[in-house]
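2 protein chains.
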Amino acid sequence: MAKKNAFYAQSGGVTAVINASACGVIETARQHKQHIAKVYAGHNGIIGALTEELIDTSKETARTIAALKHTPSGAFGSCRYKLKSIEQNLAEYERLIEVFKAHNIGYFFYNGGGDSADTCLKISQLSERMGYPIQAIHIPKTVDNDLPITDNCPGFGSVAKYVAVSTKEASLDVASMCATSTKVFILEVMGRHAGWIAAAGGLAAQQEGDAPHIILFPEIAFNKEKFLRKVQQSVKKHGFCTIVASEGAQYKDGTFLADAGTVDAFGHKQLGGVAPTLANMVKQELGFKYHWALADYLQRSARHIASACDVEQAYAVGKAAVEMALAGKNAVMPAIIRGKSKRYTWSIQEAPLSKVANVERMMPRNFISRDGFNITEKAREYLAPLIQGEDYPPYKNGVPDYATLKKVFVAKKLKQTFKV
Amino acid sequence: MAKKNAFYAQSGGVTAVINASACGVIETARQHKQHIAKVYAGHNGIIGALTEELIDTSKETARTIAALKHTPSGAFGSCRYKLKSIEQNLAEYERLIEVFKAHNIGYFFYNGGGDSADTCLKISQLSERMGYPIQAIHIPKTVDNDLPITDNCPGFGSVAKYVAVSTKEASLDVASMCATSTKVFILEVMGRHAGWIAAAGGLAAQQEGDAPHIILFPEIAFNKEKFLRKVQQSVKKHGFCTIVASEGAQYKDGTFLADAGTVDAFGHKQLGGVAPTLANMVKQELGFKYHWALADYLQRSARHIASACDVEQAYAVGKAAVEMALAGKNAVMPAIIRGKSKRYTWSIQEAPLSKVANVERMMPRNFISRDGFNITEKAREYLAPLIQGEDYPPYKNGVPDYATLKKVFVAKKLKQTFKV
Chain A
5 MAKKNAFYAQ SGGVTAVINA SACGVIETAR QHKQHIAKVY AGHNGIIGAL TEELIDTSKE
65 TARTIAALKH TPSGAFGSCR YKLKSIEQNL AEYERLIEVF KAHNIGYFFY NGGGDSADTC
125 LKISQLSERM GYPIQAIHIP KTVDNDLPIT DNCPGFGSVA KYVAVSTKEA SLDVASMCAT
185 STKVFILEVM GRHAGWIAAA GGLAAQQEGD APHIILFPEI AFNKEKFLRK VQQSVKKHGF
245 CTIVASEGAQ YKDGTFLADA GTVDAFGHKQ LGGVAPTLAN MVKQELGFKY HWALADYLQR
305 SARHIASACD VEQAYAVGKA AVEMALAGKN AVMPAIIRGK SKRYTWSIQE APLSKVANVE
365 RMMPRNFISR DGFNITEKAR EYLAPLIQGE DYPPYKNGVP DYATLKKVFV AKKLKQTFKV
Chain B
5 MAKKNAFYAQ SGGVTAVINA SACGVIETAR QHKQHIAKVY AGHNGIIGAL TEELIDTSKE
65 TARTIAALKH TPSGAFGSCR YKLKSIEQNL AEYERLIEVF KAHNIGYFFY NGGGDSADTC
125 LKISQLSERM GYPIQAIHIP KTVDNDLPIT DNCPGFGSVA KYVAVSTKEA SLDVASMCAT
185 STKVFILEVM GRHAGWIAAA GGLAAQQEGD APHIILFPEI AFNKEKFLRK VQQSVKKHGF
245 CTIVASEGAQ YKDGTFLADA GTVDAFGHKQ LGGVAPTLAN MVKQELGFKY HWALADYLQR
305 SARHIASACD VEQAYAVGKA AVEMALAGKN AVMPAIIRGK SKRYTWSIQE APLSKVANVE
365 RMMPRNFISR DGFNITEKAR EYLAPLIQGE DYPPYKNGVP DYATLKKVFV AKKLKQTFKV
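Same order as they appear, the protein sequences are chains A and B. Heads up, the first sequence is in this note's numbering, so the first residue is 5 and it goes up one at a time. Heads up, the second sequence is in this note's numbering, so the first residue is 5 and it goes up one at a time.
Hints were generated in silico from the structure; no laboratory data involved. Please read all numbers here as calculations on a predicted model, not as lab measurements.
Chain B is faced by these chain A residues, among others (derived, beta-carbon under 8 Å):
(1) P76
(2) C83
(3) T184
(4) L302
(5) R304
(6) A306
(7) S311
Among the chain A residues that face chain B by a calculated CB cut under 10 Å, a handful are:
(8) V18
(9) T19
(10) F80
(11) L176
(12) E192
(13) N401
Positions of the beta carbon are idealized from the N, C-alpha and C atoms, including for glycine.
Kindly generate the complete structure, drawing on both the sequences and the hints.
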């Protein structure tokens, strides 16, 4: 095998463990220097390849690379940038090939979600179409947990743990004050299209009646009357009601609750928030005192409470990607496959990218309780292993000691610049 | 000393470590059974004393009581209920004395903030005025960090750590995506009257230029032009701007930003949120893509990321309260006193309640940078020790294993009930 460099890029919304995958890629490549010379990381994802802004990871110490495993967000920078089809934008692909050629890149590792899987598949096809040999391997990552074939997506387990822990803690707070104060608490979580993250809030409950009492999924059409009735029942029975609401919660006609018409003092339409919308509903119709929280980026960057299982899997898919490349694979993704035994086990297997790209995995209906407001035992069995174990980062001065990269750029070789 | 029972109650907004104080009280009392027979805890705070709903803590195992040290929120229930003056509502005080007499209570431990210190002082005066001997000791607790004499208030250090960690993590997220996505991130935190909690966000920065780039304090009048200019400068210089905003941020005339006129679709005024108000401002005036988070109860219940220093101090003030009672003290509060050496040390000393009640400690102006948008080195020196150390709870099934009390109620002895 000829000695080539590798290109690695992070794509889309970042997670608490995407850098653990980067760590897996770089550490594994370093163990195979006879085949992979250097790993160049795209500055701000694929944009870095187009603009020839390549970070030379060989300039980072082993200690720094190891520290990526406990560092959240995208250390090399990420972006939301989807390549069009080769027919639609040939120039972009020609540019990529130019950059790859100039820097002797033979391996393309793309760390992202569904859109990136599609981009990665297109890159893998360049080899044939454009006569430049490159192996493209997709490394799964998405808090949305919506990639097919893989049992779960690295990044999801840690958000799930954050949401479960936060739901449990905030509910204890409400429970202790509800006799004279707040009776309804709403936590808004991510998940525009699928309720996986909201579902994880259900793991806060250890037994029947525990909070959360209501989970709102995008998959279940929101019914105001049913919802308010359920809130009232919960307050009557438990003294309070905790609600975990997906940002994607929507009415039957597909209108998001978050878009349901809040305007500011100037009459401008406000980008909502499901939580305040629900809170107003509760206040106006039931008169209960409420509080609400919006976790936003806090949930997907919360490396301090990452799932150990998630960290391990994120590293493993990075490592496996390099191993697959070394084995001559192209257009594949290392997928996490769950064992069949009752005790949770997992292994990494190869999935063809053609079956991954552009397929969105929704939450099965039997993961949601009949009334649509909670998770089932089946969902719990699926979700629970993914939040197991704690993997604490080291601390310095009371805050996590996250990696800081030197980010030494590879000298540019191309005369032409490229505007994205 | 005659053998009496003790009454313990939690008051006001709960914290991640108020139960650690409860643990300190109960464990210490158990070591002095020759003087303190039993500790009865008020169900839902002082209301439990008025309604004779007393939880017999002697029915809880040593293991459960020990677990309180790692359990957030108020395990016995808390309330917001301020006793009026004896002149204004004699009936309440007479009722308290009745309940105390009926249950042979000679020690009153009240775990709360400024209002509770005032209540505690009033109870201590009952002894003289109403001829019933009782020793009243106040145990400091408040995330607001606004009690005088004590160097800091148990509960604050853990919120501070949560805010510092969250600010750091979310900022890494924004930094990694800002080239093509969100440029401004706003985290709204508690602190209606004082900026202590917002200030703690400043601890996320390890060096000049690190996020957060802007902190908004209630102490500094909000100036829209100056604010927007600072946001723009920050985006230009760092590529993004992280803002930590106190919920109490206000204009010069005292109007809260959170009240600045958002109405819902029906024209009802909405209880705002500083973060969305600022986000709209940024969007409309500068056009930057933004995200915002509202931590709400998550911040004060986040026992999973509690400060070890805070947990230790919370326990220590509970323990010291019992020791002061045993030493015959009345109308005092164990205060945390900072040592004078450069290395952080602290000890517990007695503070007279008359000097604690109704005094609010604001943040000194020299803790806030000249431009009003950040903390000074002096603030950092004060704040940093309070978030030191991690004190992780045990986990079960991926979520913290928090204490669950049996809550065995003491048999009522009074014929009359009391309505609060």
